[in-house]
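J.: For the sequence shown, the residue numbers in this note's numbering are 863 to 1083.
Treat the hints loosely; a few may be bogus.
With beta-carbon atoms standing in for the labels, derived distance ranges [claimed, not checked]:
# : residue 1 : residue 2 : range
1 : Lys960    : His898    : 34 to 44 angstroms
2 : Glu928    : Lys960    : 21 to 31 angstroms
3 : Lys942    : Gly1063   : 33 to 43 angstroms
4 : Arg924    : Tyr888    : 46 to 56 angstroms
None of these hints come from the bench; they were simulated from the model.
Idealized CB from N, CA, C, for every residue including glycine.
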Amino acid sequence: MIKAVLFDLDGTLVNTLGDLAHSVNYVLSKHGHPTHETDEFKMFVGNGNEVMMRRALPECFRSDREYVLKLREEFYDYYKEHCADKSCVYDGINNLIKTLLEMEISIAIVTNKAQTMTDVLVPKLFDKNVFSAIIGQRDGVPTKPEPHMPFLAMTQMDVNPDECLFVGDSNADIDTALNCGNTPVGVLWGFRDEEELRNAGARYIVEKPYEIADIIKEINK
């Protein structure tokens, strides 16, 4: 019986690629580093902001963690002012959320985006009190694909791992689901492709958001 859905944020609920790319490129340019095309960021995101910044830097700078963290902080300062300039909820997501709530399915966000950034972005794009839990990257808690963040969400929602779908667009999300005992669902409208999701072990692959509600109905019937 599925009682809850845990959603990744970037590339799953919201197309944030343009604002992430713009903000990282702003910091790179400020420090004299080459910038990247927006589509390149599809392979930079998914494992947290520190990893994103490291991947965007020239290779010779990636091992200098102090420098990476310095640029990450500058990214935070800029991104929090520009996180919703271009970012938008994917088509069909709001209808899916409405359907899930009508089905009395609890929903949560579990994202490697920093909690401070998540807390700025989500209220700009979603109604208040839609999500039963919003778990972003925070100090002292391992990020996805480790299971700690989804377990925080499940504790807040009072559900067991086998009662949850975990929905995401990358191998990190599928790995997370498998690591914490959720049913892994991969989406094809995000930043990664079907081959990556299937190779990671996604039990379901969906092309449209409404298919997630159909999966729950089939499991729960």
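J.: State, for the Cβ atoms of glutamate 928 and lysine 960, whether the hinted interval 21 to 31 angstroms holds or is violated.
T.: 46 angstroms, violated
J.: So the hint says 33 to 43 angstroms: do the beta-carbon atoms of lysine 942 and glycine 1063 match that?
T.: 35 angstroms, holds
J.: Could you say whether the range 34 to 44 angstroms given as a hint is met by the Cβ separation of lysine 960 and histidine 898?
T.: 36 angstroms, holds
J.: Can you tell me whether the CB distance of arginine 924 to tyrosine 888 sits inside 46 to 56 angstroms?
T.: 19 angstroms, violated
Checked against the numbered hints given earlier, this structure breaks hints 2, 4; the rest are met.
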